[in-house]
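Colleague: The lines below spell out each chain.
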Amino acid sequence: MAEPSAVVAQLIFGIVRGILLGCVFALIAHGLNLIWGIAKVVNVAHGEFIMLGAYGAYFLNLFLGLNPLVSAPIDAALGLAVGLGFYFGFLHRELRGKEAITLQSEMVTLVATFGLSLFIANAANVLFSGNFVGIPWNAGSVELGILQIPLGGIYVAILSVAIIALTQIFLNRTYLGIGIRAYSQDIPATQLMGINPTVVAAIGTGLGFGVTMAGGAFLTVLFPTGIYPYMGALYAPISFVIVVLGGPGKMWGSLVGGITLGIIIDVGQIFLGPSIAYAVAFLTLIPVLLFRPEGILR
Amino acid sequence: MKLPAIPKLGPTVWGIAAFLVVGAVAAPWIPIYPLTILIGLLVFAALAYSMNFITGLTGYVSFGQVVFMGTGAYAWGYVVGTFRWHPIGGVLVGAAVGALLALGLGAVTLRFRGVYFAIATLVMPLAAVDIILVTPALGGGQGIILNLGFEPLSWFYTIWVILAIEIGLTYWVTHGRIGYGLRAIKGDEDAAKTLGIDAARLKLFVFCFSGLFTGAAGAVNAWTLSGVFPNDAFALLFSLQMLAMVVIGGMGTLLGPLLGAVVVYIPHTYFLTVVVGAEFIVIGILIAIIALVIPEGIVGALRRHIPALRRILE
Numbered sequence: 001m002a003e004p005s006a007v008v009a010q011l012i013f014g015i016v017r018g019i020l021l022g023c024v025f026a027l028i029a030h031g032l033n034l035i036w037g038i039a040k041v042v043n044v045a046h047g048e049f050i051m052l053g054a055y056g057a058y059f060l061n062l063f064l065g066l067n068p069l070v071s072a073p074i075d076a077a078l079g080l081a082v083g084l085g086f087y088f089g090f091l092h093r094e095l096r097g098k099e100a101i102t103l104q105s106e107m108v109t110l111v112a113t114f115g116l117s118l119f120i121a122n123a124a125n126v127l128f129s130g131n132f133v134g135i136p137w138n139a140g141s142v143e144l145g146i147l148q149i150p151l152g153g154i155y156v157a158i159l160s161v162a163i164i165a166l167t168q169i170f171l172n173r174t175y176l177g178i179g180i181r182a183y184s185q186d187i188p189a190t191q192l193m194g195i196n197p198t199v200v201a202a203i204g205t206g207l208g209f210g211v212t213m214a215g216g217a218f219l220t221v222l223f224p225t226g227i228y229p230y231m232g233a234l235y236a237p238i239s240f241v242i243v244v245l246g247g248p249g250k251m252w253g254s255l256v257g258g259i260t261l262g263i264i265i266d267v268g269q270i271f272l273g274p275s276i277a278y279a280v281a282f283l284t285l286i287p288v289l290l291f292r293p294e295g296i297l298r
Numbered sequence: 299m300k301l302p303a304i305p306k307l308g309p310t311v312w313g314i315a316a317f318l319v320v321g322a323v324a325a326p327w328i329p330i331y332p333l334t335i336l337i338g339l340l341v342f343a344a345l346a347y348s349m350n351f352i353t354g355l356t357g358y359v360s361f362g363q364v365v366f367m368g369t370g371a372y373a374w375g376y377v378v379g380t381f382r383w384h385p386i387g388g389v390l391v392g393a394a395v396g397a398l399l400a401l402g403l404g405a406v407t408l409r410f411r412g413v414y415f416a417i418a419t420l421v422m423p424l425a426a427v428d429i430i431l432v433t434p435a436l437g438g439g440q441g442i443i444l445n446l447g448f449e450p451l452s453w454f455y456t457i458w459v460i461l462a463i464e465i466g467l468t469y470w471v472t473h474g475r476i477g478y479g480l481r482a483i484k485g486d487e488d489a490a491k492t493l494g495i496d497a498a499r500l501k502l503f504v505f506c507f508s509g510l511f512t513g514a515a516g517a518v519n520a521w522t523l524s525g526v527f528p529n530d531a532f533a534l535l536f537s538l539q540m541l542a543m544v545v546i547g548g549m550g551t552l553l554g555p556l557l558g559a560v561v562v563y564i565p566h567t568y569f570l571t572v573v574v575g576a577e578f579i580v581i582g583i584l585i586a587i588i589a590l591v592i593p594e595g596i597v598g599a600l601r602r603h604i605p606a607l608r609r610i611l612e
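Going down the list, the protein sequences come from chains P and R.
If you're matching positions, the first sequence starts at 1 in our numbering and goes up one per residue.
If you're matching positions, the second sequence starts at 299 in our numbering and goes up one per residue.
Rather than coming from a laboratory, the hints here were simulated on the basis of the structure.
Ideal Cβ positions, reconstructed from N, Cα and C, are used throughout, including at glycine.
Possibly wrong hints are sitting among the right ones.
[To be verified] Facing chain P, a subset of chain R residues (Cβ under 7 Å, in silico):
{"hint": "1", "residue": "G412"}
{"hint": "2", "residue": "A425"}
{"hint": "3", "residue": "A576"}
{"hint": "4", "residue": "A589"}
[Said to hold, decoys possible] Residues of chain P placed beyond 12 Å of chain R at every Cβ, according to the derived structure:
{"hint": "5", "residue": "T102"}
{"hint": "6", "residue": "S117"}
{"hint": "7", "residue": "R181"}
{"hint": "8", "residue": "A182"}
{"hint": "9", "residue": "L272"}
{"hint": "10", "residue": "L283"}
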């Protein structure tokens, strides 16, 4: 290792980049968390919808010249539609009329979404070809002392936190949002309050997909050439780890888990190399599950 | 309540035994290309049965089976490459390492229920490959390359023996006290515990079998490739294929994994020459439909809808 001041500079750089990365990771994990927390469905195909979001941004850039920040809301709208379709086409059959989502149902949807994930990833591989593509968009960078921080990363990090905050306000302050949270806690009681469980579950799932696909668009800013059909196989496990770190169903947990993981990966990459950094990031899951299964947030 | 008696060695067992014996007798006369296909099929069937031990019998969905396959392959490559062992000795080492790893990982991860077990096992191969890539003793990113020559008959009989033992063990486990215990755990683990079933021990027991045979199959697979390569040995795709075979064939059944292996492996070999991965477009949809509509798989659905087959299929 070089002299101490260089190490400190690297450490600070790693932490800053890690926080930016972590905010976007938090957003994609937030999409999973919404679906997991509300509809009680663990979407194994989550990574594939991140991939579709990234390709959405890519094609909008290719054909219309839009930058990823503008593509994100379009992606989110698309995600809402896809999520509603996913709920009614896929989950409704298993979940309708249930008074509580049992372990059995969870395993059924786990295996079913696993099949869906194989389908989407390989169909994308045939349709889009297996090459890595990227979006040529550079927003410049700012200099903070000796640090050079890409502006694009700052934009997407701020937008990610804003989106998480917005969904949080929606879930806590609006009638529909409170209905969705009620559904996630007690389905029969929700029905007694005059709320249609199918409608709120579908909207919750759609919201989760919208957030996921917007997150996919933001990822293209951080990883300029990282769009390929099987990218979901990396981001889905990352999202799972983040949700477990933060605690499933805890919405601020995504942010805490995301930033934790972002810092682990980025600081680890500088001091231990990329392989070990990702291994450490994945394996943090095990002690958390063993000792704090409710997540690191209380 | 009196449980229905299970017939001794039903037609399914005889059918599978006939398939294996005919294969073993005919193998020296089968032309090379069909023989290599058959070897691949048997490797896949061995993997499917090993997945059946944990996911089929207990209902714990494991996305991390490939971690045993990869470590089995690496153990095989290490003793064959470094100590110049005979490959069959290497396969035994691979099996032992797979079982030991399953014991260690299972002791930790089998505490997690349902989705949490699936996620905890999902990250294992991802972390394992990252660690292997920076381990010089195991070849790092390059892997272990051996030049062992082309000996399809040795491969065939090795995987044949592994598969035969595995199917025998599956039969033994499902047709006795252990089988009733496992079915109780699959139905409702807490209820099973109140009946005095030592759930933790039973789960660990079948998980070790699972690791043992996955490790052995992984070692044979590495033998057919004459080497071990990190990104292939730990490819998550193998886990997914194993799960696909068990789900399609029928979880926890005796014939299901073999049937699933045929359904998954044959298109796989065909599409290798067209577009890699294209078969998963069909297999993915098939899994989704089966999970939602007939969660008991092909064998289970046949048993449920055609009463005449209930005595025959298991």
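Colleague: Does each hint hold? Answer for all of them.
Modeller: Hints and how they fare:
1. G412: For G412 (chain R), the interface hint holds, since the closest Cβ of chain P sits about 5 Å away, which is under 7 Å.
2. A425: This interface hint holds because 4 Å falls under the 7 Å limit.
3. A576: This interface hint holds because 6 Å falls under the 7 Å limit.
4. A589: holds (4 Å)
5. T102: Violated, because the least Cβ-Cβ distance between T102 (chain P) and chain R comes to about 10 Å, which does not exceed 12 Å.
6. S117: violated (7 Å)
7. R181: holds (20 Å)
8. A182: For A182 (chain P), whose nearest Cβ neighbour in chain R is about 22 Å away, the distance exceeds 12 Å, so it holds.
9. L272: Check fails; 9 Å does not lie beyond 12 Å.
10. L283: Non-interface label on L283 (chain P) violated, nearest chain R Cβ at 5 Å vs cutoff 12 Å.
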